[in-house]
Every structure is written in C-alpha cells, then in structure tokens.
Amino acid sequence: MVFNPGETNLIIGRSGSGKTVLLKSIVGLHEVDSGQILYNNRDFTSMRPRFRKKLRQEMGMVFQGGALFDSLTVEENVRFPLDMFSTLTTVEKQKQVDFCLERVNIIDANKLAPSEISGGMQKRVAIARAIVMNPKYLFCDEPNSGLDPETSMVIDELIHSITVDLGITTIINTHDMNSVMEIGDNILFISDGEMCWVGNRKEILQTENQQLQEFVFANKQYQRIRDEKIEEG
Amino acid sequence: MNIFNQTGRYFALLLKVFSKPERHSIYIRQTFNEIENLGVKSVGIVAIISIFMGGIMTLQVAYNMTNPLLPTTLIGLGNRDSLILEFSSTIMGLIMAGKIGSNITSEIGSMKVTEQIDSLEIMGVNSASYLILPKIIAVVLMFPILYILSVFFGLIGGLIVGPAVGAVSATDYLNGIQTSFNPYYVTFSLIKCLVFGFLIASISAFFGYTVEGGAFDVGSASTRAVINTNVMILVSDLVLTQLLF
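Taken in order, these protein sequences are the chains called A and B.
Just so it is clear: in the first sequence, position 173 is 467 by this note's numbering, and no numbers are missing.
Just so it is clear: in the second sequence, position 2 is 1487 by this note's numbering, and no numbers are missing.
One or more hints might be untrue.
[To be verified] One-sided and incomplete, this derived list gives chain B residues near chain A with beta-carbon spacing under 7 Å: (1) Glu1507; (2) Arg1508; (3) Ile1511; (4) Thr1599; (5) Glu1600; (6) Gln1601; (7) Asp1603; (8) Ser1604; (9) Ile1607; (10) Met1608; (11) Gly1609; (12) Val1610.
These are calculated hints, taken from the structure and not from any lab test.
Values in this document were obtained by computation on a predicted structure and should not be read as measured data.
Cβ coordinates follow ideal geometry from the N, Cα and C atoms, glycine included.
Isolated chain A (complex conformation) (with noise of 0.2 Å):
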C-alpha cells in the first residue's frame, strides 16, 4: 500500500476492522510481526530507537479524543513540542503557535484547559499541536469521532487545506462516508485486518467489491448518489 504525498490517504472499514491496529502499527506504536514500513524508503520497522526518535519529529498524530495534555493550557499543548525539541528563540515559538491557532480558527482561547474548551475546539487544538513543527507525514485516527455533522466537516476541510498547503503526507482513519466523499483522495478499505480494496472516490461509488459495497451503500443517501452518478455516466 503507497500513501501519496500532498493528498489526504483514508483508511476506511467497519469498527472492529484493524483501522486503528493499522495506523498505530504504521506510527510505531504496535510492533509490527512481518512486513515493512517504508517512510520515503527508510525502513520504519528495523530502525533503532534513536533513528525512530528522529523520524517521529517528522510526524504529527491527532488521536480520536484530542490527547491534549489535561494538565497544559491550549497554548502550551501545541507549544508542547517546540519546548522539547525545537532551538527556536521564546518570540519564535510563540509566533509559530499563533499561526498554528489562527490556521485552525482557534482564537481567544489560548490560555483556557482543554476541559473548558468544546470537542471539536479540542480537535482543532490536537490538529494545531500536530502541525506546529512542520511534519512531513500527518496522522488522524478517526477526526471526526464525537462530533456534530457541521463541525465534522470543518474538521475535515481543515485537514484536507492543511494537507495541500503543506504538501504533507496525511493518513486518516475514518469509518464517515461523508469524509470519503468529502476529501478522500486515495482510498484503502480493510476488513478483519485485510486489505480489500484500493482506489479513489470516483472508483469507490462503481466498485464490485461486495464488502465494500455493503459497507457505503448501508447508507441510502449513497446509494442514491451511485444512482445518480451511474445516469450521469
């Protein structure tokens, strides 16, 4: 499986599928039993701890609760990893976690918990702490768990943005249909732990692949849209 750069890569499947099993293992937080995992052609799998270190400043992750640190304020979770790792001067950071706030429409709640902040404001801030030291390769396991239809779109439009303008790699494990067809670029559906199919949302819609068929068509509104789509021809 090849996930493109600058496009936003899905993982789709039932819940229970192995999406999240998947993801973890392509981030190194499962060890996986056989295969490799290629970042630009360096081995993930065999690497040594202190090369998976490096190569993990490259990466970004916002997990389905948001994991903000409860005990950090908004500014300080997405400052969290300049603090650590980053030889930025304090005005640098600083500047940088204001862009990173602004580019996801985070404003006057800098200094607030994340347990006074709403859902989705928590998964903007996890989106802000994920960018803020310019990954290469961006993770969401599933974005859009918990939250309203409106706000789940934002969510995603806001991924899919930040994916073209940085030019990243982003992987996004999801089981929303609407964020498929929203913002799916490459798609790769996986049942019981196996991949089943591969392709993008055009193919999707006319796919003969029974498993994936009953997993988008068990909503009817897709269904209807095949429809249409098949008379548009």
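Given chain A's structure and the hints, the job is docking chain B onto it.
Below, chain B alone, put in the same frame as chain A:
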C-alpha cells in the same frame, strides 16, 4: 509466574525512565512542579497525622507505665524514639503510599487510557522518563523532609497532649526527648526514607503506566499500586533494619 512477569516489566520500565532527557530545562521545571504537588501539598496531612499520633503515643506510653520506679522522662523518650525509628518513616511511608502513590497512579493511568502517553511517544518524547523521572526525584527528595517534619510535629503533639491530660509534665517530657539521643537513629531512618520514597514513586508510576482499559481499570490499578507499595515498604523496612542495625 505473574509476579516474575510484573517484576521484569517493572525493571524494564525503570531502564526506560533513567534515560537521557530530551530537554533538561523541561525536566527540571517538571521536577519542581512535582515537588510542589507531591511534597509541599503533603505537609498538611503529615502535620495533622503526626500531631495526633504523637499525642496518642505519649498517652499510651504514660498509661502503660504503671511501675512507679520508672521516671516519667521515659514518656518523652519513648515517644521520640517511636517517632524517629518507625512512625515517621515506616508508618508515614504507608500513609504516603496511599496519598502520593494513588495520585501518581491515577494521573499516569488516566493519561494512558486517554492516549496522552501515545501522543508523547509520537512526538518523539520518552514518555516514561518525562512523566516518571521527575516524580521519582521529587518524592525521593521530599520524603526525608516530610519525615523530619513528622518527627517535629509528633513531638509537638506529645508536648501538647501529655501535660494537657496530666500524663506527664512539660518539663519531664522535654527532658525525656533530650535524654539518650542516638543520632544514628535519624541517619538510619533517613536512609529508609530515601528507599521508601523511591518505592512509592516508582511502583505507583509502574501501575499507572501499564494500565489497560478505562476508568475502572485506572481505579483498580491505583488500589493495586498502594497495596504493592505498602508490602514493599514493609519488606524493605525489615531488610534495612537487619542490614543497618
């Protein structure tokens, strides 16, 4: 077999904890935060418990000294040596295992189940070292200080209660606590405090760091951490007493 597995995992975690920090200034700042959270904020409870226990022990020694040939200065002496040798080190250690230990386990455990630890690892931070090392340093530094405060407040407790109920006069009590003082007792107890502090912080952190599941499992881990820490405190007390006395 489970105990061997857990012991192995505990030492493996300690190896990870004692690694070179990514940014020393951040770790130093964390350590001072932990000194305040775990040490300074424990002074109140240490003072309250020690004052009451000092008073109670004074009364118990006084009421059990039925032989009129025994001088009443022994009451102060008995209270002092009980505090220095065992109460302020071992008993306070057991109490602090509950207060500090459960705090550490539930904090780290909550971070584990909400993926905050995974998020640290993804950033390239050694999460074990960042979260646990400052706590270990803070508790090891603060526990001897809490011990000294406990001895002080325990003696004060005896001084207040003894004369108040007529068990011993203030003069006799004060003479008693100065009689036959052996400074080695304090040295011995301070060594115990260093060991107990390390056990409290490291064992509690281990149970928090290795928790799997949700809120219920965090609570369960907290209980197990306290129990295991208490057992280890008592075992190490026995070993150290045998070695150092």
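Do the hints match the structure? See the list:
1. Proximity of B:Glu1507 to chain A holds as hinted, the smallest CB-CB distance being about 5 Å (cut-off 7 Å).
2. Among the interface hints, the one on B:Arg1508 holds; its C-beta lies about 5 Å from the nearest C-beta in chain A, closer than the 7 Å criterion.
3. The criterion of a C-beta within 7 Å of any C-beta in chain A is met by B:Ile1511, whose closest approach is roughly 6 Å, and the hint holds.
4. Against a cut-off of 7 Å between C-beta atoms, the interface hint on B:Thr1599 holds, since the closest Cβ of chain A lies about 6 Å away.
5. With a least beta-carbon distance of about 4 Å to chain A, the hint placing B:Glu1600 at the interface is held under the 7 Å criterion.
6. Interface restraint check for B:Gln1601: the shortest CB-CB distance to chain A comes to about 5 Å, inside 7 Å, so the restraint holds.
7. The closest approach between the C-beta of B:Asp1603 and any C-beta of chain A is roughly 6 Å, which is under the 7 Å cut-off, so the hint is satisfied.
8. Contact between B:Ser1604 and chain A, as hinted, is supported at the beta carbon level, the nearest pair being about 4 Å apart and thus within 7 Å.
9. At its closest, the beta carbon of B:Ile1607 sits 4 Å from a beta carbon of chain A; the interface hint therefore holds under the 7 Å criterion.
10. Hint status for B:Met1608 relative to chain A: holds, with the closest Cβ pair at about 5 Å, below 7 Å.
11. The criterion of a C-beta within 7 Å of any C-beta in chain A is met by B:Gly1609, whose closest approach is roughly 4 Å, and the hint holds.
12. At about 6 Å, the closest approach between the beta carbon of B:Val1610 and any beta carbon in chain A falls short of 7 Å, and the interface hint on this residue holds.
Violated hints are absent here; each numbered hint is respected by the structure.
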